[in-house]
Structure formats: C-alpha cells, structure tokens
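Enquirer: Now for the letters of each chain:
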Amino acid sequence: MTKKPSLMSKLGAPLLLVSLLAGCASTSGPVTEGGGNVTYGDAKAVETVTNEFGSTDLQMIAETMARSLSQHPSMRGQPLVSVSEVKNKTSEYIDTRSITNSVKNQLMKTGVRFATDASTMDAQTDELMRQNQTGLYKKSTAAKIGNMKGAKYILTGEITSIVKKNSSTKDVYYKFSLLLKNVEEGVDEWMDEKEIRKTSRR
Amino acid sequence: MRHLNRIWLSTLALALVSGLSGCGSMRNYKAETDSLASAAAGNNLNAAIATLEENNKGDDKDLLYFFEKGALLHAKNDIPASTQAWLSADEKIKLWEEAVKTDPGKVMGQVGSFLVNDKTRRYDGYDYEKVMLSTLLAVNHTLTGNWENARTEIKKTHEREALIAEFRAKEYEKQEEEAKGKNIKTTYKELKGYPVETLDDPDVTALKNGYQSAFSHYLAGFVYEAMGEPSLAAPGYRKAIELRPAVGILEDGLSGVDGRPRKRKTGETDVLFIIEAGTAPARQSMAIPLPFFWRGGLNYTQVSFPVIKPDRSVFVPTELQVGKDRVAVSEITSIDAMSRRALRDDLPGIIVRTTIRAIAKGATQKELSKAGGWAGLAGGLLGAVATAVTEKADERVWRTLPARIAIGRAVLPAGQHTLTLPAPGGVQRFDITVAGKYAIVPLRIMGPTTYALQPDVTKLASASALGASHEPDADTASAAELKPAKQAGKKTRKKSK
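So the sequences go chain by chain: A and B.
The opening residue of the first sequence carries number 55 in the numbering used here; numbering runs sequentially from there.
The opening residue of the second sequence carries number 3 in the numbering used here; numbering runs sequentially from there.
Hints were generated in silico from the structure; no laboratory data involved.
Predicted model, so just to flag it, every value in this text is computed and none were measured.
The C-beta atom is built at its ideal place from N, Cα and C for all residues, glycine as well.
Warning: the hint list may mix true and false statements.
Here are the simulated distance ranges between beta carbons [what the hints assert, rightly or not]:
| id | chain 1 | residue 1 | chain 2 | residue 2 | range |
| --- | --- | --- | --- | --- | --- |
| 1 | B | Ala-101 | A | Met-162 | 49 to 55 Å |
| 2 | B | Asp-205 | A | Ser-222 | 42 to 48 Å |
| 3 | B | Asn-301 | A | Lys-219 | 43 to 49 Å |
| 4 | A | Glu-181 | B | Gly-269 | 47 to 53 Å |
| 5 | B | Lys-182 | A | Ala-97 | 42 to 48 Å |
| 6 | B | Lys-210 | A | Ala-196 | 37 to 43 Å |
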C-alpha cells in the first residue's frame with residue numbers, strides 16, 4: 055500500500071528550496087527592515103548619476119594605474135615605495151588620497167611594500183614616542199627609534215580637468231597622471247596616464 | 003443663487019481675515035528680528051535670546067528659531083549650545099534635502115502652489131542660509147577643537163551645494179514653462195514702482211549664484227589644509243577665487259597650499275581671523291497695484307513683493323593689528339548681495355504665484371462688491387481687507403547672519419598676542435592666545451559692539467584627557483584664547499570667559 059504524501063511533505067521541498075535560496079542572498083545575517091526604501095547595490099556598478107568625479111572614475115583610475123605599475127620592471131624584487139600627495143589641479147573636491155590608497159591596496163596584493171608617507175607619519179611617530187618615552191613599555195619589546203627604512207621610489211602625480219558647457223551639454227575631461235621616481239638617483243622610472251571623458255545633456 | 007454665492011464669498015473672506023490674521027503666518031518677522039538685531043547690537047545678547055524665546059513659545063520650533071538662536075549663542079561664545087541649536091536647524095534642512103532627493107517634483111509642487119500665500123508655506127530656508135549653516139557649524143567645531151567634525155560639515159556643504167544646483171536648475175525650468183503656459187511675464191522690470199536697482203546692482207549680478215560663497219570655500223581650503231589634505235585644500239581655495247576673483251588673500255591661499263606647511267616653523271600657528279560684520283538685510287513687503295481683466299473690464303488688485311534694501315552702512319575693517327604687525331583684512335563674501343541674488347533668481351516664480359493668486363482674490367472682491375446696498379459695501383470691504391491682510395510678501399529670513407564676511411591670515415608664534423581691531427565702537431584691543439598648527443579666531447561685529455569668540459579650553463583639555471573619539475590633535479587643534487584687554491575709544495562690549 056502506498057501512502058499518500060501529506061501536505062507538509064508536499065510543501066516541504068519547495069519550502070526547503072526557498073529557504074535555501076534565501077540563505078544565498080548577499081546579506082546572510084538577519085535583516086532589519088524599516089519604513090525607508092534602502093537597498094544595497096554593487097559597489098563596482100557603473101555610476102552615471104552626474105558627470106562630476108565619481109566612484110567609477112576612482113576605480114577605473116586605480117585599476118589602470120595599479121596594473122600598469124605592477125607590470126613595470128622596477129617593481130620586481132619588492133622595492134620599498136613611498137606615496138606622495140597627488141596634486142588636485144581641478145576645481146572639484148576630489149580626494150586624491152583615496153585614489154592613491156586604492157592603487158596602493160592593489161599593488162600591495164602583488165607584493166609591493168610601502169614606506170610610511172606623510173598621511174600616516176604622525177600616527178607612527180606618536181606611537182614610537184609613546185613606546186620609548188612614556189616609560190610604560192618593556193624596553194625589550196618597544197620599537198626602536200632610528201630604524202625606519204627609506205623608500206627607493208616615490209609615487210607622485212596630479213589630476214587635471216577641462217570643463218566645458220553650454221545651455222544643453224556639459225563635457226568634463228579628466229587626466230590623471232602618476233609618476234614613479236627613483237629617490238636616490240632622481241630618475242623618473244615609470245609614468246602612466248588615465249584619461250576620462252564624461253558628457254551629459256540636459 | 004448669486005446672492006447666496008456672495009454670502010458664501012463674504013463668509014470666506016471673513017474667515018480668511020479672522021483666521022489668517024491670528025495664525026503664525028501673519029507674524030511680523032521683520033519687527034521680531036529687528037528687535038533681536040537691535041538688542042545684540044546694544045550689547046545685550048541675553049535680552050536678544052529672551053526675546054527670541056518669547057516669540058517662539060510653542061513646542062514645535064521652526065527653522066528660523068534655530069537659525070537665530072544658534073547665531074546669537076555663537077556671538078555669545080556659548081559654542082556647544084550654538085552648535086546644538088544649529089544642528090537642530092540642520093535636521094530640518096535634511097528633511098528638505100531628503101524630499102528633494104526622493105521626490106523633487108513634490109517639493110516643486112509645494113513651491114509652485116498658487117493658492118497659498120508664500121508666508122503660509124513651511125519655511126525651508128533660502129539656499130544661501132542652508133549653505134551658511136553648515137559653513138558656520140564647521141567654524142563652531144574648530145572652536146571646540148573638533149576638526150574632524152568641521153571636515154564633515156565642509157563635505158556636507160559641498161554636497162548641499164550640488165543638490166541645490168541640480169534642484170534649482172529643474173525648478174527654474176518648470177517655472178519658465180508654467181509662466182509661458184499661463185502667459186505671464188516674469189521679468190521684475192515690468193513691476194511698476196519696484197526698486198529694480200536693488201537687484202541689478204553690480205554686486206548682485208557679479209555673483210555666480212545666490213548660494214555659493216568665497217568664504218565657505220576658503221574655509222574648506224583652510225580646514226583641509228589643517229587636516230593635512232592639500233589635494234582637497236587646493237580646490238577650496240581655487241573655488242573661492244572663482245567666486246571672488248582678484249582678491250589677494252584668496253590667491254595667496256592657493257599659491258601657498260603646498261609650501262606653507264613646510265615653511266611654518268615649529269611653535270608657529272597659522273591663524274585665520276574671520277570678521278563677521280553687520281546683520282543680513284531684512285525682506286520687506288512692498289504693495290504694487292496689479293491691473294487685470296475680469297468679465298471684460300479692467301480691474302486692479304493689490305499684490306505684494308519682497309524687497310531687500312542693501313545696507314551700505316556695515317563697517318568692515320581693512321586691517322587688524324597683532325602686536326606691532328599689521329594683518330590685511332579683505333572682505334570676501336557679502337550675504338547682503340547673496341540674499342538679493344537669491345531674490346533675483348526666485349522673483350520670476352514669485353511673480354507667477356502672486357499674479358495668479360491676486361487675480362483670483364481680485365475677482366472674488368469684485369463679485370462681493372457687486373451686491374447692492376450695505377451687503378455689497380460690506381462684502382467689498384471684507385474682500386479688500388482679506389486681500390490686504392493675506393497678500394503680504396514673505397518677510398521671513400535669517401537676520402542674525404552677518405551682512406559681510408572678511409578674513410585675515412597670519413602666522414604667529416604660539417602664545418599670547420595683543421589684537422587691535424578698528425570697529426564702529428572705537429578701537430578694540432584683546433589679548434589672544436594661539437596654539438597648535440592652525441587656529442580660527444572669529445570676531446562678530448554687530449552695530450557698535452564687537453564680540454570676540456574663544457574656544458572652550460577646559461572642554462578641549464577634558465576631551466583630550468578622556469581620549470574622546472574626536473580628540474583634538476595637540477598640533478592641529480585650534481586653541482586661541484581671547485581675553486578683553488585695555489581699549490581705546492568708546493566703551494564697547496567684548497566677550498570673554
């Protein structure tokens with residue numbers, strides 16, 4: 055005698071499938087929903103909200119520069135590099151440190167090592183002083199003063215823009231240049247540019 | 003039937019008169035804010051604050067209350083309370099911003115409402131007020147050593163400006179279409195008797211728009227420079243130059259952005275003096291007779307438009323003295339001109355709304371007066387009174403904003419200095435103490451009175467000791483202590499703690 059499947063067993067498989075699929079969503083933890091229409095999007099999605107400098111520009115520049123520099127012979131042997139401020143010659147508030155941080159992040163994954171730069175120097179020297187001058191630390195474990203390593207190369211550059219607009223069109227052209235300089239020899243070892251054109255119409 | 007209609011219209015007019023004259027929208031903001039400005043200029047900030055509280059007894063405080071309160075407390079040097087009041091104002095601005103981001107058409111619909119008097123609409127603040135709010139919040143944060151928070155306010159200012167630019171472009175386009183559709187001329191030059199020279203002033207027409215200021219962007223440059231971010235400081239100074247060309251101090255800001263930190267010696271402080279002078283001009287209602295055709299005949303009705311008269315009497319010093327050294331001071335922003343530029347840009351929309359509303363009211367009045375005898379006379383009179391009471395231009399505006407803003411900048415050895423400032427009440431002298439790499443020293447001139455602002459040094463010290471999240475960096479934190487010292491000339495008030 056064959057037993058008829060129960061309602062629960064009929065629904066069981068689809069329910070299990072639904073619950074498994076729900077578990078595959080990108081946010082695996084519990085979700086607290088409010089009244090607002092907040093959604094998460096892809097951080098790498100192409101952003102074309104306005105033609106001002108945006109996340110896609112930052113990602114394109116960082117990726118192009120990191121790829122180009124990592125393939126250059128000067129990067130063999132994991133040299134020590136220091137990142138200098140990239141000059142912003144536009145009238146837009148572009149955080150160039152965020153761009154160079156992304157370049158640095160991608161290069162570090164390929165083995166490039168970076169020396170302390172101006173943006174983190176204060177934090178590092180404060181910590182050195184704290185370990186050596188407060189009397190709170192064991193001398194044997196305290197980081198010694200005078201052992202910082204000098205970088206072989208310095209990474210520097212600039213971003214410029216040309217903005218043109220009339221009553222119906224706005225055209226923005228960005229040029230981001232990055233340069234790798236041998237500190238001791240004063241030789242420019244590598245340079246690359248990334249150009250971006252963005253046009254919007256009303 | 004027509005008789006009944008007239009009775010109904012009379013009742014409506016009576017309800018309008020009695021209802022609106024008693025409601026908040028009929029408050030006389032100009033008189034209220036004149037008394038605030040007068041008390042502040044008369045060296046009585048406590049009286050000004052008490053008057054503000056008296057005029058705003060309800061629990062549901064509006065944006066203007068928080069604007070004015072923050073500004074009065076700022077002058078009083080009660081920086082934490084000022085910041086708190088301005089952050090409450092900022093919450094209200096954020097509601098507007100959210101509405102603009104999610105449904106700009108709805109916000110435009112409210113702005114474009116033809117039946118509601120501009121005075122009865124919720125006050126969302128003028129664009130330049132929204133931008134100045136986050137700018138002045140940044141100044142307040144530097145005075146309490148919270149440079150990180152100042153940076154956040156600076157970033158908010160940029161985002162706010164971008165949102166305003168996008169929204170206004172759409173709004174003006176929609177207004178233009180509406181005016182064309184209703185065949186209304188929107189040029190203010192057509193308004194007989196309107197003081198067009200106040201809006202065609204070169205100071206007004208030279209501005210790029212009504213909300214971006216050289217001061218906001220120079221301050222952005224200074225804060226970013228203090229935070230060690232020259233790539234963000236440079237566009238701040240550059241924008242300031244674009245907004246106010248050919249001013250030496252602005253050009254020096256940009257040209258020195260890379261070299262300045264290296265040139266400054268240990269123990270020196272780069273000090274930005276901000277001179278906030280006068281009070282923002284009032285908006286006044288001006289009645290203009292508007293001709294219109296109704297049932298084949300030419301009729302007239304009264305319409306009112308806002309007028310802003312420039313205040314040329316505001317004194318802005320051209321230099322101050324630190325010890326024996328002279329520091330050049332340059333005016334870089336005129337809120338006076340910005341407020342007129344805002345009115346100039348808004349006027350086409352105001353003309354469309356006012357004209358349509360006035361014609362509707364004029365027609366009602368005409369109908370009411372058609373009834374014969376006493377009923378007609380009473381109806382016509384009530385209609386006229388209703389028009390006169392309800393048809394007043396919106397006079398609301400943030401009055402305790404400074405009319406003009408000037409800056410001076412000097413590198414001083416950390417420590418105490420004597421600051422000498424020529425002011426309307428005579429030459430003022432203060433002992434100031436500056437410390438850290440960067441510091442901001444605001445001076446608020448209202449009438450003959452000069453208020454000097456100082457950071458809350460005790461709070462700075464305790465924040466540092468507790469290791470608060472926004473702990474001031476010993477090197478970058480502002481620490482300018484101002485103390486009143488001997489003075490020459492007329493007796494004036496100098497704020498100290």
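Enquirer: Run every hint past the structure and note whether it holds.
Expert: Now the hints, each set against the structure:
Checked against the given bound of 49 to 55 Å, the beta carbons of Ala-101/B and Met-162/A, roughly 43 Å apart, lie outside it. Distance hint for Asp-205/B and Ser-222/A: a CB-CB separation of about 30 Å, inconsistent with the stated range 42 to 48 Å. A C-beta distance of roughly 45 Å is found between Asn-301/B and Lys-219/A, which places it inside the suggested range of 43 to 49 Å. For Glu-181/A and Gly-269/B, the Cβ-Cβ distance of about 23 Å falls outside the hinted range of 47 to 53 Å, so the restraint is violated.
The supplied range of 42 to 48 Å is met by Lys-182/B and Ala-97/A, whose beta-carbon atoms lie about 44 Å from each other. Look at Lys-210/B against Ala-196/A: about 56 Å separates their beta carbons, and that is not inside 37 to 43 Å.
When each numbered hint is compared with the structure, violations occur for hints 1, 2, 4 and 6.
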